[in-house]
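Participant: The chain contents come next:
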Amino acid sequence: MSEYKTLTAADVSVGDKLQSTDIDISTGLVVCGALATRDFEPVHHSKAEAQAVGLPDVFMNILTSQGLMTRFATDWSGPEATVNSIDLKLGAPNIPGMVMAMTGEVTAVNGDTVDINILGENNIWGMHMQGTVQLTLPKEL
Amino acid sequence: MNEQEQKAFEDEIYAFVGKVVYPTTPAPDDINETMIRQWSEILGETNPAYLDADWAANSSRGHTISPPAMMYVWGQEGFQVTKGRAPNAMSTLVETFNRHGFTGVLGTNVKQDYMKESCIGDNISVHMVIDNISERKTTARGTGYFFETLSTFTDQHDDVVGTQRFKVLKFIPQEQPAAASDTDALAVPTRIPSPRGHDNKWWWDACDEGKVLIQRCKSCHTLRHPPRPMCGECQSMEWDSIESTLDGEVMSYTCLRHPVIPGYPKDPICAVIKLAEGTHFVANLVGCEYEDLRIGMKVKGKVEQVDEKTMLPQFYPV
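In order, the protein sequence lines correspond to chains A and B. With the working numbering applied, the first sequence covers 1 to 141. With the working numbering applied, the second sequence covers 142 to 459.
Heads up, a few of these hints could be off.
[What the hints assert, rightly or not] With a straight-line cut-off of 30 Å between C-alpha atoms, the simulated DSSO-like cross-links for lysine-lysine are: (1) Lys-89/A / Lys-257/B; (2) Lys-17/A / Lys-252/B; (3) Lys-252/B / Lys-89/A; (4) Lys-89/A / Lys-308/B; (5) Lys-308/B / Lys-160/B; (6) Lys-415/B / Lys-450/B; (7) Lys-5/A / Lys-257/B; (8) Lys-342/B / Lys-308/B; (9) Lys-148/B / Lys-160/B; (10) Lys-342/B / Lys-252/B; (11) Lys-252/B / Lys-47/A; (12) Lys-450/B / Lys-342/B; (13) Lys-278/B / Lys-89/A; (14) Lys-160/B / Lys-224/B; (15) Lys-47/A / Lys-89/A; (16) Lys-17/A / Lys-257/B; (17) Lys-407/B / Lys-17/A; (18) Lys-252/B / Lys-308/B; (19) Lys-160/B / Lys-89/A; (20) Lys-139/A / Lys-252/B; (21) Lys-148/B / Lys-308/B; (22) Lys-160/B / Lys-278/B; (23) Lys-359/B / Lys-415/B; (24) Lys-439/B / Lys-5/A; (25) Lys-47/A / Lys-308/B; (26) Lys-342/B / Lys-359/B; (27) Lys-139/A / Lys-47/A; (28) Lys-148/B / Lys-278/B; (29) Lys-257/B / Lys-139/A; (30) Lys-342/B / Lys-439/B; (31) Lys-342/B / Lys-352/B; (32) Lys-47/A / Lys-224/B; (33) Lys-407/B / Lys-89/A.
No lab work stands behind these hints: they were computed from the structure.
Based on the sequences and whatever the hints tell you, model everything.
Facilitator: Written as structure tokens, this is what we have:
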């Protein structure tokens, strides 16, 4: 059907690790991510406003973090997977200049449903987000 | 706030539970290719289920879908929020907290459940209520209350496409150190400076010069480490030192995976090393994988600069 492969439950076991990836937190990603998610809160595009709330610079909005986390899960699973839920605990802000390392591991497989525990950790302040993405994988064809 | 005031305050905030923040409000834009493509471009998303109509036509869905993580995006208020938001139950609740000193705000958890995939042309409505407010909690950030909003998203067929629970802590902030510094650079954390007291400063000073010394009793010549004032063998307080060759072997080791400590490398290997001179020494093993280590392995130490301010002995496999 395509060059895109999607995993099935038979391909997946608890303990499988996802391919780690590093995301450069640039001012562009923070500001444009906020705008692409229609989040016009000034702390995400105005450094002065971010500093007024005690942070050194603009910081990533939650919707961008959610997008990056689901992307990380479906990059692994392939496009035929359905995202059932994303349950996310928020930690330290992502600020331009940081690098966020994303790692993930399969923590449960129930029928075609898979839970993946994902951690996004930046190199300066540590845990930015940690949570579980639940996917339903397609049936074996 | 005394007990009575606290009771009055809590009555006031708990009255917000169940209040509607947004009545069912349709999104200004239907789900559309342009906004999905722009969102994907910025987030580095390449999923053909969102982006490639030809691929999607032949997929099990038969059409593209909207990225689930965009569910909340469609109903967002626009640019006018830069000039302030219209008052609603949530902003009134937040103001009530602020008026009583709970000015700190921290989003702690967000959970989205997706019940139905949406596609281009759908219109998503959002309905938000204040779902619950916790009892008073003491947290690492300060004393406060968690409140949680519940948003329900429906499409033009009145089908629920998903829900979102968002939990926020409102707290009394502790004294802030200083406001953000005006330098542009992010302060990169360094290691905790070595504690240099009366009994061990000499050892760290030698380390700064690239040497690892071992304390020696002047009376019975027993070596000891870490530095301390009295010989455990003969109780003499007279001592000198010898320089270690830093030849050693691994007695025990572990990998510190959690927590990650700012300023330190991730997953450091910490080992107890038996030096050729006979004393034991705790240091990091570097230049090797945890899986390749074994007890009894020969190692050689080097005093190295590990960050801007710190000289430290580290050991390498021989």
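Participant: Give me the numbers of the hints this structure contradicts, sorted from smallest to largest.
Facilitator: Going through the list in order, the structure violates hints 8, 10, 24, 27 and respects the others.
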